[in-house]
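Q: Chain by chain, the residues run as shown.
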Amino acid sequence: MINGFDRLIFVSKFPRDENNMNNNWHEISNYRIKTILTKLQKNPNNFLRKLKQTCSYFKHDQVMHIEVKDDSIMNVISRDLDPESQKILSLLDTPRTPLDIFLKSEIPLTTLYRKINRLEKDGLIIPTGIKKINKNSKSMVYEKTFDNITLYIGLKNIVILTVKNSILENSIVYTAMK
Amino acid sequence: MSEIDSLLAKFIECHLDTQFGLDMKRTIKNRLFERYGISLTDALKQYEPFDRTLREFFGQAADGMITQLFEKVCIVKKTGLVTSIQIKDKIFANLLLESYGNAEKKTILLVVSSSALSISKILKQANISSQTTGYRIINNLIDDGLLVESGFDLSLDGKKTQAYRTPIKKINIAMDRVSTLDITLEFSDDLIKKSGILTTIFTKNR
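Taken in order, these protein sequences are the chains called A and B.
Taking my numbering, the leading residue of the first sequence gets 1, the next gets one more, and so forth.
Taking my numbering, the leading residue of the second sequence gets 1001, the next gets one more, and so forth.
Same shape as in the complex, but just chain B (with noise of 0.2 angstroms):
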């Protein structure tokens, strides 16, 4: 599962009303259950299963479907050697505002920006001591997916526990003179490759 098509799922998922209709969003939910066994977030994440299920609706007019659907929450764009993503969907701009906007937070996903840590290296590393309040953080950045499990890291007792990341590495918030706000991220190429929805969207525009 990709780190960034986790974060792009949730706010996807809101898209598919206005894109299909109610029908027609139930009766792939089904398809993806009977076949797949996971719910339409989950099919998301793991990108492959939605792709397949949509090819089998909708044949070939599928890829149009798609890149229509994700350009409805982020456009991707390559200047030169980086790549980076503009976010279109109001809900997923305020909730990076609001998340950048707070203090701990910002310190948090700044320090998991590059590797992935365990919550007591994060709560450590981002000079965080009271614990519950810590852990409250984390859970909210969890829950709004913009902190994602990434594989597996010592904690301070030496135990193995799970390792959160953020797949953003870098965030650029444009307010021009009619206050239009531009927010861009830029994630790291490796996540870049991996993750099935910037790959498609980025195929169609070549």
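Pulled out of the complex, with its shape left as it was, chain A reads as follows (with noise of 0.2 angstroms):
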């Protein structure tokens, strides 16, 4: 399964289709996503090349930070940062189902399923796994993606990523990078 990291960069890199609006959206994430990564294994080359422009990373107090010098990647994360996507980002520090985050933060449930719908879609959080819920019904358990996330806007546009250690290591983004 692809990670949270990689798919930021894949989401902000080749924007969405206009024309399949109509489907579900983690439809469509995960169509363009496969589109991309047949595309990355037939010509490896043309994407690191694209990567390398934009991407670099740097160690920094031990903690591996990537720089992202990319204004796809910079909108994507500031349309994520609504108060109420704020909130379920703070309780995600830990891994959480959707109802623990509701309990916690009161925020009504169908504007958290559509914030945490997004918010994973662009790749802030991941899903980490299934918790049961009662006898009958199961639920996803969410983590964030990011311990870090600091943006500058300015003449030139520069976004800081800390990723999660073990986010990284599975990254298909980072280990090309290297």
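Hints in this document: simulated from the structure, not taken from any laboratory.
Computed from a predicted model, the values in this text were never measured in an experiment.
Do not take every clue at face value.
To be verified - List of simulated lysine-lysine pairs, BS3-like, C-alpha gap at most 27 angstroms: (1) K104(A) - K1088(B); (2) K52(A) - K1170(B); (3) K1106(B) - K87(A); (4) K1090(B) - K1105(B); (5) K1105(B) - K1124(B); (6) K1159(B) - K1088(B); (7) K156(A) - K1078(B); (8) K87(A) - K1088(B); (9) K1029(B) - K87(A); (10) K1106(B) - K156(A); (11) K69(A) - K1010(B); (12) K69(A) - K138(A); (13) K104(A) - K1169(B); (14) K156(A) - K59(A); (15) K1106(B) - K52(A); (16) K156(A) - K1193(B); (17) K69(A) - K1072(B); (18) K121(A) - K1105(B); (19) K87(A) - K1090(B); (20) K1072(B) - K87(A); (21) K87(A) - K104(A); (22) K69(A) - K1169(B); (23) K104(A) - K121(A); (24) K1077(B) - K1010(B); (25) K1025(B) - K69(A); (26) K1072(B) - K1124(B); (27) K59(A) - K1170(B); (28) K1029(B) - K1072(B); (29) K1090(B) - K156(A).
Unchecked claim - Facing chain B, according to a computed beta carbon distance under 7 angstroms, are these residues of chain A, among others: (30) H60; (31) N75; (32) L89; (33) T150; (34) Y152; (35) G154.
Glycine included, C-beta positions come from ideal geometry on N, C-alpha and C.
Each chain sits in its own coordinate frame; assemble them with the hints.
A: Here it is as structure tokens:
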């Protein structure tokens, strides 16, 4: 399964196909990512060249940071920092189900699911497992992809991401960058 | 009228109730109208009438009150030669996030971050082809206080028209491990010198 960091890079570098807007977002997102991965396998050099033009990594205080000089990633992240999404992200430092988030944040359930879907689609949170809630129902458990996010908006737009180590280790993008 | 003061005035006005109480706010409002013939928002934008009126009521204690009031909206930081402000007001922070999260608004704000331009030039430089959309976005930004009038400029057809710019030069948004947001704004030096509000906070902090 594709991880959150890769998803964010793919989603922002290859914008959505507006003609398919009637379909379920998850299908579109997964379909697009599958297409991107096929293209990547066919022509990895082209993708790497594109990636290295915008992404780089550096170590600071024993922590790996990813620097992205790209407007599209900035647009994706900044549209996801509304008050409700901030609340959701603050609760997802530890893995939680949507119901846990609902009980702690008091965000209306419909809004909560809409925001969670959007955050997941954009790669800011990832499903990490399934939890049994009661005898008949199960629910997805979500966790945050990034520890820190910093956006510098000015003459040059720069995003610095501190990705969780477990996610970075399994990332196609990070492996390709190395 | 300073561009930075125009931007901050609306948010400072929201904190007047909690700082002075409703009755005192009404008294200040009435006195401003009686003496200068201007509204509370205009007084904050021009800063000096607001400062004088508060001194009339509170004397020297006004200094502390003004700083306290302004620090509910922002805190001034100076690192080396760079002066920046950290946003404390949640409504202001959300407005900035919403505006810089919208691709078209962000492009417009970046186009006018260094110099003032007429609306037609802004739309051309921001590559916004639809005039209706462009004017709607610009009007929204003016209402939000992120675009402020700043002198005059020649429009594309050679007419002298109102020019607009944003006082914000750079914006840094940081989200830490517990997802608390820290938004810092940087302004041009010439605009900081013109701002009565920032000068007041900065002088008190020194």
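Q: Determine for every hint whether it applies to the structure shown.
A: Against the structure, the hints come out as follows:
1. Only pairs whose Cα atoms come within 27 angstroms are accepted, and K104(A) paired with K1088(B) is accepted, the gap being roughly 24 angstroms.
2. In summary, the hint linking K52(A) to K1170(B) is supported, as the alpha carbons are separated by about 25 angstroms, within the 27 angstroms threshold.
3. Distance restraint check for K1106(B) and K87(A): the Cα-Cα separation of roughly 24 angstroms lies within the 27 angstroms cut-off, and the hinted pair is therefore satisfied.
4. For the proposed pair K1090(B) and K1105(B), the alpha carbon gap of about 20 angstroms is at most 27 angstroms, so the pair holds.
5. The suggested pairing of K1105(B) with K1124(B) holds, with an alpha-carbon distance near 14 angstroms, which does not exceed 27 angstroms.
6. For the proposed pair K1159(B) and K1088(B), the alpha carbon gap of about 41 angstroms is over 27 angstroms, so the pair is violated.
7. At most 27 angstroms may separate the alpha-carbon atoms for a hinted pair to count; K156(A) and K1078(B) meet this at roughly 22 angstroms.
8. Straight-line distance between C-alpha atoms of K87(A) and K1088(B) comes to about 17 angstroms, which keeps the hinted pair within the 27 angstroms bound.
9. For the suggested pair K1029(B) and K87(A), the alpha carbons sit about 37 angstroms apart, so the restraint of at most 27 angstroms is broken.
10. In summary, the hint linking K1106(B) to K156(A) is supported, as the alpha carbons are separated by about 13 angstroms, within the 27 angstroms threshold.
11. Restraint check for K69(A) and K1010(B): not satisfied, since their Cα atoms lie roughly 33 angstroms apart, outside the 27 angstroms limit.
12. Restraint check: the Cα-Cα separation between K69(A) and K138(A) comes to about 40 angstroms, which exceeds 27 angstroms; the hinted pair is violated.
13. Restraint check for K104(A) and K1169(B): not satisfied, since their Cα atoms lie roughly 38 angstroms apart, outside the 27 angstroms limit.
14. Restraint check: the Cα-Cα separation between K156(A) and K59(A) comes to about 21 angstroms, which is no more than 27 angstroms; the hinted pair holds.
15. The suggested pairing of K1106(B) with K52(A) holds, with an alpha-carbon distance near 25 angstroms, which does not exceed 27 angstroms.
16. Using a Cα cut-off of 27 angstroms, the hinted pair K156(A) and K1193(B) holds, with the two alpha carbons roughly 25 angstroms apart.
17. Proximity of K69(A) to K1072(B) is assessed by CA-CA distance (about 33 angstroms); at most 27 angstroms being required, the pair is judged violated.
18. Proximity of K121(A) to K1105(B) is assessed by CA-CA distance (about 23 angstroms); at most 27 angstroms being required, the pair is judged to hold.
19. For the proposed pair K87(A) and K1090(B), the alpha carbon gap of about 13 angstroms is at most 27 angstroms, so the pair holds.
20. For the given pair, K1072(B) sits about 22 angstroms from K87(A) by alpha-carbon distance, which is consistent with the 27 angstroms threshold.
21. For the hint linking K87(A) to K104(A), the alpha-carbon distance of about 9 angstroms falls within 27 angstroms, and the restraint holds.
22. A distance of roughly 18 angstroms separates the Cα atoms of K69(A) and K1169(B); the hinted pair therefore holds under the 27 angstroms criterion.
23. For the hint linking K104(A) to K121(A), the alpha-carbon distance of about 23 angstroms falls within 27 angstroms, and the restraint holds.
24. A distance of roughly 21 angstroms separates the Cα atoms of K1077(B) and K1010(B); the hinted pair therefore holds under the 27 angstroms criterion.
25. Between K1025(B) and K69(A), the direct Cα distance comes to roughly 47 angstroms. Violation of the 27 angstroms bound is thereby established for this hinted pair.
26. Taken as a hint, the K1072(B) and K1124(B) pair is broken in the structure, with Cα atoms around 38 angstroms apart against an allowance of 27 angstroms.
27. For the given pair, K59(A) sits about 25 angstroms from K1170(B) by alpha-carbon distance, which is consistent with the 27 angstroms threshold.
28. Proposed proximity of K1029(B) and K1072(B) is supported: the alpha carbons are some 20 angstroms apart, at most 27 angstroms.
29. Distance hint between K1090(B) and K156(A) is fulfilled; the C-alpha atoms sit about 26 angstroms from each other, no more than 27 angstroms.
30. For H60(A), the shortest C-beta to C-beta distance to chain B is roughly 14 angstroms, which exceeds 7 angstroms, and the interface hint is violated.
31. At its closest, the beta carbon of N75(A) sits 5 angstroms from a beta carbon of chain B; the interface hint therefore holds under the 7 angstroms criterion.
32. With a least beta-carbon distance of about 4 angstroms to chain B, the hint placing L89(A) at the interface is held under the 7 angstroms criterion.
33. Nearest Cβ of chain B to the Cβ of T150(A): about 4 angstroms, under the 7 angstroms cut. The hint holds.
34. Hint on Y152(A) holds. Least Cβ distance to chain B is approximately 5 angstroms, under the 7 angstroms limit.
35. Contact between G154(A) and chain B, as hinted, is supported at the beta carbon level, the nearest pair being about 4 angstroms apart and thus within 7 angstroms.
Taken one by one, the earlier hints fail for this structure at numbers 6, 9, 11, 12, 13, 17, 25, 26, 30, listed in ascending order.
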